[in-house]
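The primary structure of each chain is shown beneath.
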Amino acid sequence: MSIEVRDITKTFGGLTALRDCSLTVEPGTITGLIGPNGAGKTTLFNIVAGAFKPDSGQILFEGTDITGLGTHRLFRRGIVRTFQVPKEFSRMTVRENLMLVPPGQTGESLAAAWFSRRAVRRQEEEIAAKVEDVLAFLNLGHVGSELAGGLSGGQKKLLELGRTMMTDATMVLLDEPGAGVNRSLLAHLVEAIERLKEERGYTFCIIEHDMDLVERLCYPVIAMVRGEILASGAMEDIRSNQTVVEAYFGNAKAGGR
Amino acid sequence: MELGGVIEYGLFFLSFVGIYALLSLGLNLQWGLTGQFNIGIAGFFAVGAYTSAIVTTAPSPHHLGGFGAPLAVGLVLAMVLAGLVAVLVGLLTVRLRTDYLAIATIGIAEIIRLVLKNEEWLTNGVRGIPGIPRPFAETPGAGTLGQSDGVFLLVVVALILIVYLALEAARRSPWGRVLRAIRENEDGVRAAGKDIERFRLEAFVVGSMIMGLGGALFAHFVGFISPEAFTPEFATFLVWVMLIAGGSGNNKGAVLGALIIWLVWTGTEFLTSMAPPEYVTQAGALRLLMIGILVQVILLVRPDGLLPEETAERK
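Here the protein sequences line up with chains V and S, keeping their order. Those letters in the first sequence? Residues 7 to 263, per the numbering used here, in order. Those letters in the second sequence? Residues -5 to 309, per the numbering used here, in order.
Keep in mind the hints are simulated off the structure, nothing from the lab. Every residue gets a Cβ at the ideal spot worked out from N, C-alpha and C, and that includes glycine. Among the hints, a few may not be true.
Cβ-to-Cβ under 10 Å is the rule here; a few derived chain V residues that face chain S [what the hints assert, rightly or not]:
hint	residue
1	L116
2	V126
3	A198
Sequences and hints are given; from them, build the entire structure.
Following this line, the structure appears as structure tokens:
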């Protein structure tokens, strides 16, 4: 379940968001993607997840070229992503938010919704059971019947992660899962991500600004600056990498951490 | 007024409510569940009305047909044609955001009205199509019963019941869940691997078919149609008011809204009829103004309508 990004370039008008970016997310890793704001991390995510098409370059998933495929096609191949700003369905319950996700539901056909109601109900019961597992796993059981719009920011992040658990995904792209999550929930989130990697064999690629979180969770870590990949390796090596430090803190304070 | 007169007026009144309830139910699928901003209801309403009129009236030299077909054929073809128009509009707009759908639908509705007005071979233009039969008018032995508003109302109520049950089943199904999610957050649905364009198109087409059915029933109820009947005020604006007042997202609310707003609408007609003769034209405009103010009040006092969407656990 590897993703290989080869020489991706993407410009928006005159702005080059990504320049010849190449990186590999190895199977079974929690790969971290760090870099200052505007480095192109989310753009790269958007391209890998099929929201944008690159100007040039290739994306390979398990060796197959997936460049330019739309989000829902990639989803079927097992690539799923979350968003920096959670995309919950506010006026639907937390349970419904999760029940929506599983692919290939019989009842998503209008004809089946009218004429195969028994089959649809049976499948709904299976999905509902899975939802309860996910809610329990994420400690969200007590808010299952609440409207998703009423959740706290941190709970919405957990819900985003929960949605990835409702799929058969093997490659999960998390965009800032830790942003706005309080300390106790964060510990929970870290634990959930690690358990998903161990128990379900997920491969993660994570954009994150919280360096402590990255250090605890991710290996390897890839540092991006101004649309280019600067370095990759263990977090401690990245911290001591002079170019990365300069990019983050400017020349004057180089060597600060 | 005598009792007989009151009952007769009641049947007449409720028949109109029923026709509007169908329009409002169709809009609820599009806007209430899916968030599609269709302000061309009048177009689908007109396509349904004219289709069933041409299909069921006796042959006439003044317009296409008539084909003298049974009423059921007229109703089915009305839905099919309204659906086909919706497929065309839908395919053109399905990738666009809902604001563009609004512009496209209002344009299409006006084009349809102008076609109906000007293509005399098809519709007899502004002179309209008379003699559109009532349900069971031709049934042997029905006698005057076929002309009664009571029989018509029964047919309308039966059709509303079928449409309502079908829409409720759809709303509670995974299909309806995807529609509501599209309304809430398109990107989130896309990230869950759903083919949004398909769902949008289906909701738009089914909703428009229901509007077409409403149009057909309108034609059979009034017996005579001309392009004047399909202006945006009556066929689009009032329907929106009904859905918003009744409760967007709630099928019961859509029906209740039709009842209440039609009551207010006809009530204002009664009020303005008491105005001195020299103010009669102004009074007509005043009625629309009053409805507009009513919408404002509803939105302030009960922003989710009289019967808000059911958001609690559904099972």
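Verification of the supplied hints:
Here the hint on L116(V) is kept, as its CB sits about 5 Å from the closest CB of chain S, short of 10 Å. Annotation: interface hint on V126(V) holds; nearest CB of chain S at approximately 6 Å, less than 10 Å. Look at A198(V): its Cβ only gets to about 19 Å from chain S, farther than 10 Å, so that hint breaks.
Checked against the numbered hints given earlier, this structure breaks only hint 3.
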